[in-house]
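Generate the whole structure from the sequences, applying the supplied hints.
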Amino acid sequence: MNVAWWCSSTPGQIWTWRYTPFLGVWMMSAVFIGGYLWAHRRAGRSVDPKLLRRWVFGVFALFVVSEWPIGQLGVGYFATIGIARYVVYTFVAAPLLLAGLPDWLVLRWFPQGTRRRQVLGAFTSWPIALLVFNAVLFGTHLPVTIDTLKVTQLGSFGVDVLHLGAALVWWWPAMQKVPADNHIEEPLRAFYLFASSVLMFVPAAFLTFSPLPLYGLYELAPPLWLGFDPIADQQAAGVVMNVGGGLVLWAIIGVLFLRWASQREAEDTAARRTRDAATLERIRALEAAQSEEALERP
Amino acid sequence: MSTRLRGLVWLLLAGVLATACGPASATAIAAQGLEPGPDGWRGLPLERERAMPQATLEDVDGNEVELGTAFAGTPTLLFFGYSSCPDICPVHLAAIASAMDTAGVSYDDLDVVFVSVDPDRDTPERIEEYVANFSPRMIGLHGDIEVVEDALAQLDLPGPIVEGPDPRGEGDLIGHPAQVIGFDADGQALRTWPFGARRSDWIADLPRIVEEWS
Numbered sequence: 001m002n003v004a005w006w007c008s009s010t011p012g013q014i015w016t017w018r019y020t021p022f023l024g025v026w027m028m029s030a031v032f033i034g035g036y037l038w039a040h041r042r043a044g045r046s047v048d049p050k051l052l053r054r055w056v057f058g059v060f061a062l063f064v065v066s067e068w069p070i071g072q073l074g075v076g077y078f079a080t081i082g083i084a085r086y087v088v089y090t091f092v093a094a095p096l097l098l099a100g101l102p103d104w105l106v107l108r109w110f111p112q113g114t115r116r117r118q119v120l121g122a123f124t125s126w127p128i129a130l131l132v133f134n135a136v137l138f139g140t141h142l143p144v145t146i147d148t149l150k151v152t153q154l155g156s157f158g159v160d161v162l163h164l165g166a167a168l169v170w171w172w173p174a175m176q177k178v179p180a181d182n183h184i185e186e187p188l189r190a191f192y193l194f195a196s197s198v199l200m201f202v203p204a205a206f207l208t209f210s211p212l213p214l215y216g217l218y219e220l221a222p223p224l225w226l227g228f229d230p231i232a233d234q235q236a237a238g239v240v241m242n243v244g245g246g247l248v249l250w251a252i253i254g255v256l257f258l259r260w261a262s263q264r265e266a267e268d269t270a271a272r273r274t275r276d277a278a279t280l281e282r283i284r285a286l287e288a289a290q291s292e293e294a295l296e297r298p
Numbered sequence: 001m002s003t004r005l006r007g008l009v010w011l012l013l014a015g016v017l018a019t020a021c022g023p024a025s026a027t028a029i030a031a032q033g034l035e036p037g038p039d040g041w042r043g044l045p046l047e048r049e050r051a052m053p054q055a056t057l058e059d060v061d062g063n064e065v066e067l068g069t070a071f072a073g074t075p076t077l078l079f080f081g082y083s084s085c086p087d088i089c090p091v092h093l094a095a096i097a098s099a100m101d102t103a104g105v106s107y108d109d110l111d112v113v114f115v116s117v118d119p120d121r122d123t124p125e126r127i128e129e130y131v132a133n134f135s136p137r138m139i140g141l142h143g144d145i146e147v148v149e150d151a152l153a154q155l156d157l158p159g160p161i162v163e164g165p166d167p168r169g170e171g172d173l174i175g176h177p178a179q180v181i182g183f184d185a186d187g188q189a190l191r192t193w194p195f196g197a198r199r200s201d202w203i204a205d206l207p208r209i210v211e212e213w214s
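These protein sequence lines are chains A and B, in that order.
If you're matching positions, the first sequence starts at 1 in the working numbering and goes up one per residue.
If you're matching positions, the second sequence starts at 1 in the working numbering and goes up one per residue.
Everything labelled a hint here was simulated from the structure, so no lab data went into it.
Just so we're clear, the structure is a prediction, and the values are computed from it rather than from any experiment.
Possibly wrong hints are sitting among the right ones.
As the list claims (entries may be wrong) - The calculated label-pair distances, taken between Cβ atoms and stated as ranges, are:
{"hint": "1", "chain 1": "A", "residue 1": "L154", "chain 2": "B", "residue 2": "E128", "range": "39 to 45 Å"}
{"hint": "2", "chain 1": "B", "residue 1": "P36", "chain 2": "A", "residue 2": "G227", "range": "27 to 33 Å"}
{"hint": "3", "chain 1": "B", "residue 1": "T56", "chain 2": "A", "residue 2": "T148", "range": "45 to 51 Å"}
Claimed, not checked - Among the chain B residues that face chain A by a calculated CB cut under 8 Å, a handful are:
{"hint": "4", "residue": "L5"}
{"hint": "5", "residue": "Q32"}
{"hint": "6", "residue": "S98"}
{"hint": "7", "residue": "N133"}
{"hint": "8", "residue": "R199"}
{"hint": "9", "residue": "D201"}
To be verified - Covered by chain B, per the in silico footprint, the following chain A stretches (three or more residues, Cβ under 8 Å):
{"hint": "10", "segment": "14-20"}
{"hint": "11", "segment": "206-214"}
{"hint": "12", "segment": "258-267"}
Even for Gly, the Cβ is constructed at its ideal location relative to N, Cα and C.
Pasting the structure below:
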C-alpha cells in the first residue's frame with residue numbers, strides 16, 4: 001500500500017505558471033524534423049514542400065501536447081487534458097506524419113524482402129492494425145495502467161510512444177500505399193475508421209458515467225484551483241474522447257471519402273470520355289465506309 | 001562503429017533524454033487507494049489508545065472550542081493542515097466532502113474538523129473561506145502554534161515544520177502530519193486514514209463510522 005503520513009510538498013510537484021521547458025520534447029522534435037531532412041539529403045532527393053509541411057505540422061502537434069504546459073497538465077493534473085493529448089497524438093499527429101512520408105522513403109526504410117518489411121506488412125494489414133489500435137486504446141486507459149505507468153517519467157513516455165505507435169499502425173492501411181497489399185480503399189476504409197470511432201465510445205462512456213474517479217493519479221493530483229472536482233474532470237475527459245475524438249475522426253473519414261468519391265468520378269469521366277471518343281471514331285469510320293460504298297455504287 | 005550501432009546509440013540517447021526531460025505525474029505519491037483490511041475497514045486501526053486532545057482552540061466566529069468536550073457524542077474526523085497547502089490538504093478534504101455526499105452521510109452525524117497548523121496566515125476569515133470550498137458544514141479551527149503542537153503531541157504526532165518558500169510565491173510551505181484521525185462518540189481515536197485514501201475508501205468507511213462509532 002502506497003500512502004503518505006507526512007505532508008511535505010516538494011517544489012517539483014507544485015504547479016506554477018512559470019515556464020518549464022522539457023528538453024527531451026524539444027530534442028525529439030528536432031530529431032523528427034532533422035531526421036526527415038537528413039533522409040532526403042542522404043537519398044539525394046529534393047524535399048517536396050507539400051509533404052514537408054504535413055510532416056512539420058505533425059511534429060508540431062506532438063510538440064504542443066508534449067511540451068509544458070499541456071504535457072505536464074495532461075500527465076499529472078487533469079484527465080481531460082490527458083485524453084485531449086491522446087486525441088491529438090492519435091487523430092492529428094499520426095495521420096499528418098504518415099501523410100508527410102513519401103513512398104520512396106517508406107520503401108527505403110522497409111526494403112522489399114527484408115524482415116522489417118515483413119513485420120510492417122504483418123502489423124499494417126487492416127484486421128491486425130484494428131486489433132493493435134484498440135488493444136492499446138483499452139489497455140492504456142485502464143486505471144491500473146494509468147496509475148502504474150504515468151507516475152514515472154519512463155512509464156509516461158512509454159504510454160506516449162504506445163499511443164503514437166498504435167495510431168501510426170492504425171492509420172497506415174488507410175493512408176499509405178506501401179505495402180500495396182495492405183492498402184484499403186472505400187468503402188472498407190470508411191468502415192475500418194468508423195469501427196474504431198464506435199469502439200472508442202466504450203472507454204469514453206466509462207469516463208463519462210462512472211460515479212467515482214477511475215484514476216487515482218488524477219483524483220489525488222494537486223488541484224490547480226479549489227473547488228474543481230475530479231469527477232467533473234473525468235466526465236469532461238469522456239466528452240473530449242467521445243465528441244472531440246469522434247468529430248476529428250469523422251471529419252477525416254468524410255474528407256477521405258469525398259476525396260475518394262471525387263477521384264472515382266474523375267476516373268469515370270475520363271473513362272467515359274475515352275469511351276465516347278472511341279465510339280465517335282467508330283461512327284466516323286462507319287460513316288466514311290458508307291460514303292465510300294455509296295460512291296462506288298453505280 | 002558500424003552505422004547501425006551508431007544509429008542505435010543515438011536512438012538510445014534520444015530515448016533517455018526524452019524520458020528524463022519529459023512530463024510526469026505531479027501526484028505526491030503513486031497512490032492506488034487503501035486496501036480493505038480483514039474487517040473490511042479501509043482506515044487503518046491505531047496501535048495505541050489515544051483520546052481527543054485536551055486543547056482549547058477557536059472557531060471562525062471567535063468562540064472557544066475545547067477539543068476534548070466540544071465533539072463528544074458525535075464521531076469526529078480530525079485533520080491538521082493549512083489553507084495554503086498545495087496538495088495533500090485540499091485533496092483529503094475534497095475526498096471526504098465528496099464521499100459524504102455520495103454516501104449520504106450527514107454532517108449532523110459526523111463532525112469533520114480542520115485545525116490549522118499555520119496561525120500566521122490562516123485568519124478566521126481565510127479558514128472559513130477555505131473549508132467552504134469543500135463544505136460549509138466542515139468545522140475550521142485555529143489557535144496559537146504552541147496549542148496546536150501540544151494537541152498533535154497528545155496524538156503522538158510531530159508538530160508542523162516550515163519547509164521553505166512556496167514556489168507559487170505564497171509564503172512558506174509547511175510540513176505536517178498527513179493523516180485524518182477518526183474518533184468515536186466517546187472521543188477515542190480508533191482509526192486513521194493516511195494520504196492516499198480515495199473517495200471509494202471513504203465511501204466504504206463513512207457509513208460504518210456513523211453506524212458503529214455513534
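Status of the hints after comparison with the structure:
no.	hint	verdict
1	A/L154 to B/E128: 39 to 45 Å	holds, 44 Å
2	B/P36 to A/G227: 27 to 33 Å	holds, 30 Å
3	B/T56 to A/T148: 45 to 51 Å	holds, 46 Å
4	L5	violated, 17 Å
5	Q32	holds, 5 Å
6	S98	holds, 7 Å
7	N133	holds, 4 Å
8	R199	holds, 5 Å
9	D201	violated, 10 Å
10	14-20	holds (count 4)
11	206-214	holds (count 3)
12	258-267	violated (count 0)
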